[in-house]
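Chains as they are written, first to last, in my numbering: chain A, 629 to 874; chain B, 629 to 874; chain C, 629 to 874; chain D, 629 to 874; chain E, 629 to 874; chain F, 629 to 874.
If a hint is listed, it holds; no wrong ones were tucked in.
The list treats identical chains as one, so a pair stands whether inside a single copy or across any two.
Using 30 Å as the maximum straight-line C-alpha spacing, the simulated DSSO-like pairs for lysine-lysine come out as follows:
hint	residue 1	residue 2
1	LYS849	LYS816
2	LYS859	LYS849
3	LYS630	LYS816
4	LYS630	LYS691
5	LYS691	LYS859
6	LYS630	LYS849
7	LYS691	LYS849
In case anyone wonders, no lab produced these hints; they're calculated from the structure. Note that the structure is predicted; figures quoted are calculated from it, not measured.
Number of protein chains: 6
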Amino acid sequence: MKLLVINPNTTASMTATIAAAAGAAAAPGTEVIAATSAMGPVSIEGFYDEAFAVPGMLAALRKGEADAADAAVIACFDDTGLDAARSLARIPVLGICEAGLSLASFLTPRIAIVTTMERSRVPLEHLVARYGKSHTTTVRAADISVLSLEDPRSGARERLRHEIRLAIEHDRAEAILLGCAGMADLAKSFETEFGLPVIDGVGAAVKQAEALVALGLQTSKHRTYAAPVPKTYHGVLAGFAPVEAA
Amino acid sequence: MKLLVINPNTTASMTATIAAAAGAAAAPGTEVIAATSAMGPVSIEGFYDEAFAVPGMLAALRKGEADAADAAVIACFDDTGLDAARSLARIPVLGICEAGLSLASFLTPRIAIVTTMERSRVPLEHLVARYGKSHTTTVRAADISVLSLEDPRSGARERLRHEIRLAIEHDRAEAILLGCAGMADLAKSFETEFGLPVIDGVGAAVKQAEALVALGLQTSKHRTYAAPVPKTYHGVLAGFAPVEAA
Amino acid sequence: MKLLVINPNTTASMTATIAAAAGAAAAPGTEVIAATSAMGPVSIEGFYDEAFAVPGMLAALRKGEADAADAAVIACFDDTGLDAARSLARIPVLGICEAGLSLASFLTPRIAIVTTMERSRVPLEHLVARYGKSHTTTVRAADISVLSLEDPRSGARERLRHEIRLAIEHDRAEAILLGCAGMADLAKSFETEFGLPVIDGVGAAVKQAEALVALGLQTSKHRTYAAPVPKTYHGVLAGFAPVEAA
Amino acid sequence: MKLLVINPNTTASMTATIAAAAGAAAAPGTEVIAATSAMGPVSIEGFYDEAFAVPGMLAALRKGEADAADAAVIACFDDTGLDAARSLARIPVLGICEAGLSLASFLTPRIAIVTTMERSRVPLEHLVARYGKSHTTTVRAADISVLSLEDPRSGARERLRHEIRLAIEHDRAEAILLGCAGMADLAKSFETEFGLPVIDGVGAAVKQAEALVALGLQTSKHRTYAAPVPKTYHGVLAGFAPVEAA
Amino acid sequence: MKLLVINPNTTASMTATIAAAAGAAAAPGTEVIAATSAMGPVSIEGFYDEAFAVPGMLAALRKGEADAADAAVIACFDDTGLDAARSLARIPVLGICEAGLSLASFLTPRIAIVTTMERSRVPLEHLVARYGKSHTTTVRAADISVLSLEDPRSGARERLRHEIRLAIEHDRAEAILLGCAGMADLAKSFETEFGLPVIDGVGAAVKQAEALVALGLQTSKHRTYAAPVPKTYHGVLAGFAPVEAA
Amino acid sequence: MKLLVINPNTTASMTATIAAAAGAAAAPGTEVIAATSAMGPVSIEGFYDEAFAVPGMLAALRKGEADAADAAVIACFDDTGLDAARSLARIPVLGICEAGLSLASFLTPRIAIVTTMERSRVPLEHLVARYGKSHTTTVRAADISVLSLEDPRSGARERLRHEIRLAIEHDRAEAILLGCAGMADLAKSFETEFGLPVIDGVGAAVKQAEALVALGLQTSKHRTYAAPVPKTYHGVLAGFAPVEAA
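Just chain A, same shape as in the assembly (with noise of 0.2 Å):
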């Protein structure tokens, strides 16, 4: 099978720690083919950043179901656009966020996610929310910005640490689920200094995936996510148009 999985940010180099997290994720059988946005901004750090990442991770999926995908990862920890995508294709769409909660949930009841900036908490809360999940699952915030995670000065990842200190004491976390998609690598080596499951959302994202193709299970398009109805789009997002479908 053909997995796509799609930075929804403009940053290849958060691309290549996604890849490498995905590749390492994958079964034998499955290809995985990594996409930057080609629009949009650099990280996605908020209700606004999220609100234009949406337009470039959407043609990022529309040429990989063209060109043949299987299903589809949106790799950021937000779920930026994931109704859109679903309503968009015909594959399954996954969002890093949902997986990873879903695993998770299978080990513990009592789940905290750790993120990086404070303005985030209130978005992934929402999302928790609507995934059924408030009532297992903590947000902590690390304040650090999403590409300082690439910088091993930057002190991000002590700061990560304490916050997952702070979750297993005073939250009683029994899981960490890593709230960014720029945290993949580090899941392990937490879960090792920290002594209980530490999960990365794109790992999860691509086994959910790959469990939907095995299964040949796709998206419903019954009623919500229903195909888009053809009408004309103005201005420089024309091009976006959904069309009748062949």
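Starting from the known structure of chain A, arrange chains B, C, D, E and F on it as the hints suggest.
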């Protein structure tokens, strides 16, 4: 005060309907400035269209705030891009679903939203849940397109009436909230016909915007809606990159 | 329009504070008529006082509606007798907790109510739950009496400040809703001091009342808030018996 | 033990029905003292009547506690003034809705309340939500007046039967909770007729009151239900002012 | 009436504690029959022990019902096997967590459960959620073993005291519910020490059982708790197979 | 990897159906080991059967883990004994209801579970609530016995079809989750017939188990699912006593 009312789709005739409703609701001292989005879909029907309506709406908001608008209304019942708008602007931004639900809640504990397309029910139910009104509010769809509301021969109004009747009889609704900005001109005739309050979100949002401005209240920029972090944006959306506030 | 603002306790000096706040918030065309309840407690602190404040408030409402008020505000943060008031009157009736929460929700998803007495926390948490805002709102008490707010030497303001600080730091509050009508004059100075929105429910309710009147909206008399059934009342409350509407 | 059972409306014939049900449920050592409220409405139908029934109920409670009652029951299914009563008294106070729901929950996870008037559905749904039973309990109304229950020719019983049937078939109810104190005498015949538990709240509350007294448990006076603060009350309700406990 | 009180663990000394608490709570006409489970764990600490305690508990229940018990109490705070017991028996069956929460809810809207082992917090939080009391109830653990409660030198009581103090100060608890059947003898001394209600679930369940029997109420056998379908059971549990009711 | 799939009832023919479904879903490198419980009921229909199915399931799990299974699936839609299993084992353990709901949630926000017996609806609704999916999922029962699924002349399939149709039309379901392990072979034909995703929990759980093993994730043994405390067990279940891990 200057009140910006943004139609986030690109159909100018719908902007006219919205502007009329806004003007009718506005206080004597309020100057309503109606803006049609310059890019994106001609109507917003489901998650996909919504994603592509956000950049044009935010462009209109940015321009309006620069032109000294005191508050803004996003005149689409999906509250399209509302969180991004609140992050971008310092002035208050209102969505017509949130504003309509708030006003309706002062009149009764049993509300029914009647919207256009079946595919919009789940997105609206998500909004209702997020605004904390799932216990008082049901959502129905008349299975009509948004633009059919502009055509008196389309039968759209009769289908709306049918759903309103069902809402009153089967859902125990005691007030109706019209679930599309394009229905703004129908509120009063339906109110007379059905003998209970029928609320149009556009008017509701206009009054809420006036209220916030009169009270000197602005969006909290503490944490969740902090101004976007200055950074590079790529591609056709590069012009939307957030910059350091002067 | 004529707007009736009812202080449901019998302390005229508090009515003056409330009337000033209401007048400052009111639009030019709004005539504010402030009424002090003629019977019941001098302040409302907890469930018991609240029960005895309702008949006096309803008497003031009945008189005000007969005197052609277009809308009414109950200026006690417990939203004392709000449901009974909506059953009695045809004109819209606003509670200051409900109105304040609605306005605050347009500004941020993280609200803290700061009220007076510890015993009022649970009653306010019940209101917050009923209005669907438990997921966005926390309640704190400064452990001060209602009437101490009128005495600048009581230390009450400093205790309020202390709780506001805790709300911002520990509860992640991004806006403050003042939890007593007697705090109406403190909003602006606290807003300056803490650098985030501080909302007074009296002003919020005045604007919501104006909004409903401007839009021609009235309480739904369908089912829940139907006019009281004419019947006999006995004892000192006999004068309150509902009668057949003329 | 002495058990005060208060009918918070002023209709003595309904007190007789309630007293009979209470007496039938009471243990041999329990002396039931039935009190009819001396002031307020002849029946409680909706929020307005409820507000005016509270002072009379509290007067009866105060007198009963002074006369050495060990516990009290408020025999109206709206649990009229229950929080105020718990603040006033040291002895335990039971509402018949809360008590009935508690007992019913021991028998099945699917309960239907069948009450009198349509306008009482939302108030009862609020109680059900506050008691945490929304996930197990539905509310139906037979559209009959409270006092019609006393008239065998009114057809009220047949309408109750009709709603019970619908509750079993459509709401999957497995037990019925009678939603009015005036229905107390119908429980056993309905139980026989429908073949599932039919619970009367008056009997339930009597047993809960006996349980609390037997176990030596009293209302917590810590914070929420602390004794009312001594203060001045004005007007016809001046006599209800809380005073310093001796 | 005959009341069966089942200790679902196999420790007879704990049965003695439970029997004493039940006897102290029982009405004069109630004969308490205490049964110790004949098979399974010596104490129930977490999900695993709970699973193996159920067959022995059900065997004791079956025997008790055959011996003409009128009601039964399962005296373990996990409400071990409660749903299975209600399916098996026609007589009412009470769990001590559910019964204790019900009684506590009549006394205050702020309850704290204090239990033994940390691993029991999540199971009890699940019960609290299912009983609809998450909004009023918090759960704390003293990190002690169940059987240490029987050893006065173990320090267990001091650790319970410590958690009760934290519950009152930090969780705003206004009443304490003891979270283990083995704590039944501590309620009264803690009540005196802390000055607020301390509830033992065993006593609570005894009174609820008496209440149901006095009112002639039995478990609803309609749907959810219908008698088990007669069928073959294999292996060492073959003797537990449900058979056609005579 | 070795994947243990446990049929917690004792009917070997149902194990064969389950094993076929598991084998069809398994990846090439996965060895499926299907185990039939050696003790307990021939089918699990309601709470009573469930209680007696747990010891046999746990015995099979203990043996499987000793025989080097990498993960386990409990193939009964009640997720029978899942918490106990996670406490016992270090390897991941999946329930088919939880796994099926997780996968279905990636495909649509409107799911219907269609199960066998009416008495199983409430138990499944409890699971759905605990997994946080009450807002997306409804439960229907076809009123058929579990073993009738194995008899093509029983009419069971037609009744399932009938409920699926009602779920789509009345509950707005957009995907169907089959609510019994014995239905595993029906998914694909129903999917073709109804034109929307039909999910079998057995296949879903197999893929989730493979995902966890591939990612090196195991049950968190921190607090809730800590290994059972070594202690004495009595009677026929003595052999199940937890012992000190080597």
